[in-house]
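Enquirer: The listed protein sequences correspond, in order, to chains W and S. When you line the first sequence up against our numbering, it's residues 1 to 435, in that order. When you line the second sequence up against our numbering, it's residues 1 to 438, in that order.
Read the hints as simulated data drawn from the structure, not as lab findings. Just so it is clear, the structure is predicted and the values come from calculations on it, not from any experiment. There could be a bad hint or two in this list.
Distance condition first, Cα-Cα at most 27 Å in a straight line; then the derived BS3-like pairs of lysine-lysine [what the hints assert, rightly or not]:
hint, chain 1, residue 1, chain 2, residue 2
1, S, K336, W, K73
2, S, K293, W, K73
3, S, K293, S, K336
4, W, K224, W, K73
5, S, K336, W, K217
6, W, K217, W, K73
7, W, K223, W, K73
8, S, K185, S, K139
Residue strings, one per chain:
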Amino acid sequence: MSRPIKLPSPAFDLTHHTLDNGLRVVVAPDRSAPVVGVAVLYDVGIRSEPEGRTGFAHLFEHLMFQGSANLEKLEHFRYVQSSGGTFNGSTHFDYTDYFEALPSNALERGLFLEADRMRSPRITEENLANQLEVVKNEIRVNVMNRPYGGFPWIYLPSVLFDTFANSHNGYGGFEDLEGATVEDARDFFRTYYAPANAVLAVAGDLDPDETLELVEKHFGGIKKRRAPKRPSFAEPRLQSERRATHDDPHAPIPAVAIGYRVPDPVGDLDEHLAHVLLAEILSDGDASRLQQRLVQRDQLVTDIAAYIGEFGDPFDERDPTALTITAHYPDAGSLEAILRAIDEELARVADDGLAPGELDRVRTRLISVLLREMDAVLSRTLNFAKFELIYGRAELIAELPGRLAAVTEDAVRKAAAELRPDRRAVLELVAGGAK
Amino acid sequence: MTVPALTKPRTPKRLTVSERTTESGLRVIAVRKPGVPIVEMRLRLPFASARATHSARSALLSDSMLTGAAGYDRAGLAAAVQALGGDLSVGVDADRLMVAGNVLATNLRPLLGLLATVLNDATYPDDEVATERDRLVEKLSMARSRAGVVASEALSHRMWGEHPYTHSLPQPDAVAATTPAQVRKLHADMVRPGRAVLVVVGDISPARALDQVEAALGDWTGRAPVGRIPALPGPEPSPLLIIDRPGSVQSSLRMGASALSRTDERYPALQLANMIFGGYFSSRWTENIREDKGYTYGPHSRIEHNVLGSSLMLDVEVATEVTGPALLETLYELGKIASLPVTEAEVDSVRQYAIGTLALSTATQAGLASTLSALAAFGLGLDWMIEHPRNLAATSVDDVSAAAAEFLAPARLTSVVVGDAQTITAPLAALVPVTTEP
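Turn these sequences into a full structure, and let the hints guide you.
Expert: See the structure below:
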């Protein structure tokens, strides 16, 4: 079935501005619903944590909600929610985000709240002690007390990467977290939370000029500080296979994560997009290569997934990033057969190429997924901020359909050819909860 | 510097709903909601049954429905959907089967064609059903290795006994005993348009979408039999049930009670009372046991709406060593809100939050489609989305206090804890009667 595909391309009205203190601002009006998104992304994440302070970027994220220049503890949450809005924050490998979705009549309030903590969060012994307990409970619920908790994002980097920045546990060890001090937090804030090290995105039911005035009013007075120079965290591809095991006391059946270092997602965007499409060809839906082979035909695995980016978002990280394949499987003795089948499927893509229509249908679906993600005002806001921070251009998100359409079959085959057994890191999850 | 006041709220654009019931009894609801060039689809089929085998059969039907249909094998069907920029998925619970999808807006018609093929001619090939049966057994074992799933199942059992709602997650042996023929028969009996509702939301012309649905699904006919389902029992007071999960670093506490459905005139008051107690981050429960004491990453209290009744459901995971103190504070906050009036400021805050988050959740195509689909099961629709904020606005502080007194009283909650029994039993037994027998 080969019919010409028509791919929709989104159009966004983006206004850029940089304040005197260096804060980069992206404003995107869309008046279809009376809601706005406000997001601040700071250019610091798990990779910038100092040695001996694993998990600090995330612990610090919690401290940013504990009151600020003009707000007591609890007031941030109360002001957002009593305005009819929602809030959250999250810590990534290369950045940390803080955001609100609000009715549009709370736009200025949202800007004020973000500016107030960019000016000075209330970092106190009491807040630190409280949030240390909260974070430990977050790790208990998401990792320690949960089967497959944190697998593989916490554990695979230590096998796949070499430097402390790339390989350490991003949620943090309890000992490191307990060692964190108020002084550490103040230093971290001074170094990384400068306006010049951040991007602010505001999208939705707003007027761009009025919004920029409000941004100037609330953020303009924050003192300029030098943005830290970000070191390169890049690591070359592996030259020989690495293996490790991870014991999970609650898991009833084993699992495996296979990681490959892949090209610089920013510097080699087209090559990166070929890998993104390859991941979809491998595991998106029942027609994908690995689902057909390992789930349906050989019945070796209960499920299998291939994705780029430690959290499954291929546009979330700078160099280095990884392509990861994960699977759960009932028979602990079948790991080698699983690896062999995956290698064969990768070699089939590399050697024999794709079936007629295969690349087009996968590409069409991926573009549809990207468009769908842009419907909610908050995810749109976060995407503008993320593309501005990581790629330096929020506009890129509108160009992705065109860039994806230009990826050739040869580029996908070449990507598959790079995923060789000697370039992978294999982490086997040993099921301690097997009955 | 003071916190900026809210400006005048803007009224959302009025949505228009087009609706048609086809000759075969399928109710179709179409809403134009531009934004991104996508269409969202939710087909909801009543799927409740009191038969003991139903939970296993319906779960396997749900997992195998897209593994083959006239003219398509499994991969062929998936490839055809993908080529449209689309997705189809199937899910089931004790009330309904849901076939959900989304697709590039220009491809709605061919996606409806594929949907019709599945509804009319899903083949459930023997080998595919066998594959899915084995996978389902593994997936159930993975689900039940989670403390929260064990706790929720135990709570349902304690609240509702052997009612079908207790068994929405099937037992592995029942799944293993299910045959492809039984799944095919279940499809033939119950995958029928008679009482089904299809919601279509997106960048579409509603009139044309209704025509397209009618044309595509015209051959899909019949009516599922209406089975008799026993009424949901009212939970009886009982001691706190402790289920041992040795070595757990946290305890999973679940509490439940009956609640009011959306159609009850006191529902807005109960919704607000629940929010003040534990239904949003600025709630008393969260501010106490998370932001003050650090016992947990976060407690949640919500009202769940099922066809046979609504329930108040509380869940929290607390560090093992503070399980007793966490229950103490939970009972304190429940007792306080049931015994003493709430404040005007608290009601104002949750009122705005309830109104604002309803608007946010229905501001997307997917959110609006899911909300309309869920409301349709209760005979509610867009009108409810417009009237409910008004009802919230008209609810008084006294109404909220009265609802809290009636529904949030700790004495009426059924409770379960999954955790390290050796460590937590004595501290819990110091506070409430406990049992280890389910």
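Enquirer: Starting from K224/W, check that the Cα of K73/W is at most 27 Å away, please.
Expert: holds (26 Å)
Enquirer: Is the straight-line distance between the alpha-carbon of K223/W and that of K73/W 27 Å or less?
Expert: Between K223/W and K73/W the Cα gap is close to 23 Å, so the pair holds against 27 Å.
Enquirer: Is the Cα-Cα distance between K336/S and K73/W 27 Å or less?
Expert: Holds - the C-alpha atoms of K73/W and K336/S are around 23 Å apart, at most 27 Å.
Enquirer: Hey, K293/S versus K336/S, does the alpha-carbon distance stay inside 27 Å?
Expert: Roughly 18 Å between the alpha carbons, so the hint for K293/S and K336/S holds.
Enquirer: Holds or violated: are the alpha carbons of K185/S and K139/S at most 27 Å from each other?
Expert: holds (24 Å)
Enquirer: Below or equal to 27 Å on CA atoms is what counts here, so check K217/W against K73/W.
Expert: Holds, at roughly 24 Å.
Enquirer: Does K293/S pair with K73/W here, judged by a C-alpha cut-off of 27 Å?
Expert: Between K293/S and K73/W the Cα gap is close to 14 Å, so the pair holds against 27 Å.
Enquirer: Can the restraint linking K336/S and K217/W be considered satisfied, given a maximum Cα separation of 27 Å?
Expert: Outside the cut-off at roughly 43 Å; violated.
Hint compliance for this structure: hint 5 is the single one not met.
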